[in-house]
Structure formats: structure tokens, C-alpha cells
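Novice: Use the sequences and the hints to build the structure in full.
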Amino acid sequence: MNVTAVRALIRNELRLFLSDRRAMIVGMLVPILIAAFFGYVFGGTGKQENQGRIPIAVVDEDLSSVSRAITADLGSDKLLQVSVLDRIAAQAQVRSGKQNAAAVFPKGFGEQTTRSLFTGRDKPQVELLVDPSQATGARVIEGLLAQYSMQEISREAFSGDFGVKAIDDYLARLDAQGEAPGGDTATRSDLKEVLRAAQRLNRRERTEAAPSGKASGGQPNGSTNTQGGFGLSIPYTVTSTEVTAHDNVPYNAYAHSFAGMSVQFILFAGIDAGILLLLTRQRGIWQRLRSAPIRRTEFLIARSLATTLIGLFQLLVIYLAAALIFKVRIEGSAAGFIMIGVAFCMLNAAFGLMLATLGRSPSTTRGVSMMVMLLLVMIGGAWVPAFVFPRWLQSASLYTPTRWAVDGLDAMTWRGLPLHAALAPTAVLLLSALVCLLIAIMRFRWEE
Amino acid sequence: MLQVENLRKYYGTRKAVDGISFRVGQGETVGLLGPNGAGKTTAIAMICGIARPDSGQVTIGTAKLDVDAYALKRRVGLVPQDLALYEELSAWANLQLFGGLYGLDAATLRQRADAALHLVGLTDRRHDRVQSFSGGMKRRLNIAGALLHDPDLILLDEPTVGVDPQSRNAIFDNLLDLKRGGKTLLYTTHYMEEAERLCDRVLIIDHGRILADDTVTALKARHANLEAAFMDLTGRALRDGVES
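Residue numbers (this note's numbering), protein chains in the order written: chain A, 1 to 448; chain B, 449 to 692.
To be clear, the hints were calculated from the coordinates, so they are not data collected in a lab. Treat each hint with caution, since some may be false.
[Unchecked claim] Derived contacts from chain A toward chain B, CB cut-off under 8 Å, selection only:
no., residue
1, Ala8
2, Arg281
3, Arg283
[Stated by the list, open to error] Label-pair distances were calculated between CB atoms; the ranges are:
no., chain 1, residue 1, chain 2, residue 2, range
4, B, Thr556, A, Ala335, 38 to 44 Å
5, A, Gln394, B, Asp514, 52 to 58 Å
6, A, Val372, B, Gly473, 52 to 58 Å
Heads up, the beta-carbon is just placed ideally off N, CA and C, and yes, glycines get one too.
Specialist: Written out as C-alpha cells, the structure reads:
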């Protein structure tokens, strides 16, 4: 092999890359900026207090103790950012996208809900005004609303004025009409017993709470009753632990976004390398290269190595910025990170060569390859993590090398996985590189 | 030095070169004249090993194209018709690449690049980007790029296309220097006065065949002048749309 010639070709490619300072800076600054943006949007370093809170509005047309208590509960939830508005303002803000949804408690909500808790009839309707582009957020709100409503309405039933009134009314109706869900005498008698027990409980709760002012169930339209009183609640608590590289290492969303943007912009450089080769073929320099005593394999090796080195340089600079500015760390295997980086850059070089051999003109090749590349990075989870995809797309994306590259870099950074977790991504990337290279070798025209 | 025997090349069904044979002696300067599409560039491409002949043989010294194309390539310097330069790089960086392709070590390459730049008068612009050069300077650097590996045979494919008279004159001086230095030159051109001034012998080629192979003096003796010889042999029909 003519090593001097290969070295000269590599050096020349690097010179060409470095000679276009503006393109070089853009090629590294833009991915850093975009990764910073995506990283921030998806949670940053996990330290921001208000990050990711879902903005919702509450329209309280009832102003009862129940509706106020639910509003207060929603307001103290870490997932939500609650604004209390009137109906017109809430509607306007949902329409403009400032709120994901607005829950409207109608007049009489507190009293009706307490009564229908026992009777199951005449349920009031809570209206949920939803931004259709924020369907996931709306479902979260619906769930939280159900949780807090159940808690506060049951508390009102067992320790509030509405509860006393609802139980008294229901008992009176049972006595007067012989009304009961089953209809038979035994059931009616048991039900009355339960209701009387609830009535006693309610009175005792109110009596005990009165001196300390804890419970406010007896003050409809007064202060909330979240501080005391008996009520039903979810019979378990949930603690959420971030399973990351090590204990006390929070998830850093920048780690994923930098993986994604590195993959995307290194692929851009690979396409540029392919286009440059196509352009070179149209220039006199192509004749001079072919008139020199170098073999086609030497030429292809030199091109591949040069593009690989350029890709590695980009990866290094982008991850340096990620480490210095955004605290992205290789929590897993550094060797694994290097393996995946090198394998991906080799794939990128082979991909660029393949494009140059398949393409006919630089302009059409650029258009087609951009489309293919954007599709690959999108499906590969470079923009948003693949876990947000539908199940079928998650499976399909495993057939794209970009998914393996992004997942591999994730595994070696924030997931903190060991070296053996890098083997499969590296193997897939190298195999893909080999396929691209074989196509390039078969299609590459050196002599006429 | 150069021996071409019965060289043929087809592009599809079109004959680009149709069995040409000629010899060029050591230190000789031979002009290859022909209208557009005559087969000049294809012939040059085969001689320097970038196009594979369908049949025939090219021998340079003892190196044969079909036996060891790489040995043959080491003895040839090509000055392509289109500028073979990276405009975004400096003159020096371009020469570093071209010398490196021929396996020159760093010290030799530095010395040869200095000499080549001196020959074409670009020593003081060595570190400037080629894109800042005038057309004539680029043409001269294009020639310098073919000299670094000290080839025995230099193939010049219309090296003065698109330059002003001053630059053409400078290029001529460079080529005369090379000739005086004992280099063998094969030179394609449309300009008869260039052939008259530079060439010991002229080959007139058309439709892929050699129509005349003689000295300038002998051709002028048979026709009124070199241009008349060219027109008499190749005819007056326009050759639009024909490419070699």
C-alpha cells in the first residue's frame, strides 16, 4: 500500500475541512445550540423546580368548600401549575395554548357531589376545556382531578355541612319512600345503619374540630377543609426513584439531546463528504488524482479514514461542550463510549462514500440524502427519545443504525452501563458500515 | 520514451480513438492537434492511465500500461485541461498533496515544491489560497503540480486555455525551460502558433485517427502554413456538440 499517498490524501481532506472555518464552526456550534435547547425542554439537568409542570386553569363557579379544597390540592401538586380564572379568560388561554386545559366547577358542585356520593344520582358535570394538541397533559389532569375530588368530596361527606345535609336528606327519603338500592327491607335497614354511623362520625368530627378550627366542613363557601376531617384517599403512596448511572445522579436530559444532535450533525458532515466527492469528480482535480499511482482501494481507505477523523473531531468538540457547560458525564464505560463513537463515525464515512457512488449529480444527491438522513435521525430517536414513540415505531426504529448509535451513547453516558452494553451497538454500527462500504466499493468508478 | 501502439477506445458504439500509433523520443516535444471531439483528450487519458484502452498498448520507457499501470503512472506528469487545484487551499498545500500522491518523502517534497514554484514564478505566493490567484497564475500552478515527482513524460492538455497573452507567454517560457531540461512533452492545443513555437513534431488527429505525423517544417513545406495543413486534413465542417 502507498502509505505516503494515503497519508497525503487524509491530510488534504483535513485541510479542506479546516479551511472552511465558518462551515466548521457552524457544524459544531449549531448541534451544541440545538442540543442545549432540546435538553432544556426535556428537563435539563433535572434540577429545575418548575420544569415540566403542566399549566392548567381552574374556573370555580361554585366557590364551595369542596371546590376550593380541590383547587388547593391541584395547586399543591408538583405536576401542575394552576391558575384560577373566570370562564372567559380560561377559554381564551386554552385556545391560545397558554393552558393545557381548564376545569370548570359548576355552581352547586360541592353540594351535588356530596349528595350523589350516597345516592349515585344527579351528578354535577365538571367541564374540562382541553387544548387538543396537549392530549397527554389533559389525561394527567383528568386523573389528578378524579383523585383530589374523591378525597375532598368524601371528606365533606363525613365531616362537612353538605355531608350532614346529604345524609339527613337521604335518610328522610329512605324513611318516607322506602327507597333503597335493592329495595328489600333488610338492605334498607343496613343502609340506614351505615348512614346513621356516618352521621355520628360527621358530628363528632365537627365537634372535635370546632375548638381548633381545623375542619371547615361546616362552613360552606368558607375556607377549605384540606387540613382535617375524615375522607377517603388513595390507599397507598408512591415514591419515584430515578434509576440512572449511580445513586444520587439525577437524569440529565442534555445527555440524550447531545447524543441525538451529535449523530445528526456528524451525518450532515458525512453527506457533505459524499457531495464533495461528487463535485470533485466534475473537476480537473479528479483527473490528477486518478493519474497518480494510487489504487482505488487506497483512495477509498483514505477518504473513509479522513471522514471518520472529521466525525470524531466533531464528536469530541460537541461532547466537550456538553461536559463543560451542561455537565454531561460518561457515567458508564469510557472505552464503550469511544467504541460506539468510532463505529458510528466509520459508518458515517461509509455512508458518505455510498452516497457519492449512488448519486448522479450533487444537487439531487444532496436532496435525497438529506431526506433519508432526517428520516433516520427522526426514527432513530435523535430528536426526541424513542420511548415516546408508539410501540410499533420503537420496534421499527431498531432497524436504523441511528437508533443504535443514540441508544449506545445514552447507555455510556447517563445510563452508566458497562462496556458489554456497548458491544451490540458497536457491532450493529460496524456491520452497517460494512454494508455501505461494500455498496460503495462495488459502485465506485475509478478508471473509465 | 513513449510508444503508443494501435490504441483504441469506444464509448458505447462511438469510436473515440481508432487505432492510433506513434512514438515520442526522449527530450522531444510533440504537439497533438485536432478539432473538438477528435480524440485528443481520450488519447491523453489512456496514455496517463486514467482511461482503460479497449485494445492497444502504451509503453513509457520500459513500463507497460497493461502490465504495471502504477509504474507507468510514476513516469508521467499530467496537466489536465480543467484546473486540477483545490482553490480553497494554498498553493503550497496543493503541491503537498500532489507530491504526496507519488510517495515523495517530506524533505524531497519540500525541495521539489520550492523548485516547481520557482519555475512558474509563484514562490512569493506559496501560502496564498489559490482562489486569490489570477487565471494565468492558476494555469502556472496547474503545471507546477505535474512536475513534483520529476516525471520523464509531461502530458499537457491545452494548458493555455483562457489565459491572457502575458500569462500564455509566461507558460511558454516555463515549457521551454522544461524542454531545455530534457523533459519529454506531449502537448495538445488548438493554437497553431503555440505548436509552431514549441513543438519539434506535430500529430494531427481527427475522428480518432492520426492524419499526419511530421515535423512542423515538413508540414509547412507541403501546405501554406500549419493552419492550412490542419484545415486541409481535418476539413472545414463545424464540430459542435462533439466531445472527446
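Novice: Take a look at whether the Cβ-Cβ distance between Thr556(B) and Ala335(A) falls inside 38 to 44 Å.
Specialist: Holds - the Cβ-Cβ distance for Thr556(B) and Ala335(A), about 40 Å, lies within 38 to 44 Å.
Novice: For the pair Val372(A) and Gly473(B), does the Cβ-Cβ distance stay inside 52 to 58 Å?
Specialist: Given a distance of about 55 Å, which is inside 52 to 58 Å, the answer is holds.
Novice: Is the interface hint for Arg281(A) satisfied, with its Cβ closer than 8 Å to some Cβ of chain B?
Specialist: violated (11 Å)
Novice: Min Cβ distance, Ala8(A) to chain B: is it shorter than 8 Å?
Specialist: Because about 2 Å separates Ala8(A) from the closest Cβ in chain B, which is inside the 8 Å limit, the hint holds.
Novice: Once the shortest beta carbon distance from Arg283(A) to chain B is found, is it less than 8 Å?
Specialist: Status holds, d = 6 Å.
Novice: Verify the CB-CB distance for Gln394(A) and Asp514(B) against the hinted window 52 to 58 Å.
Specialist: Holds, since Gln394(A) and Asp514(B) (Cβ atoms, about 56 Å apart) stay within the stated range.
Checked against the numbered hints given earlier, the structure breaks only hint 2 and satisfies all the rest.
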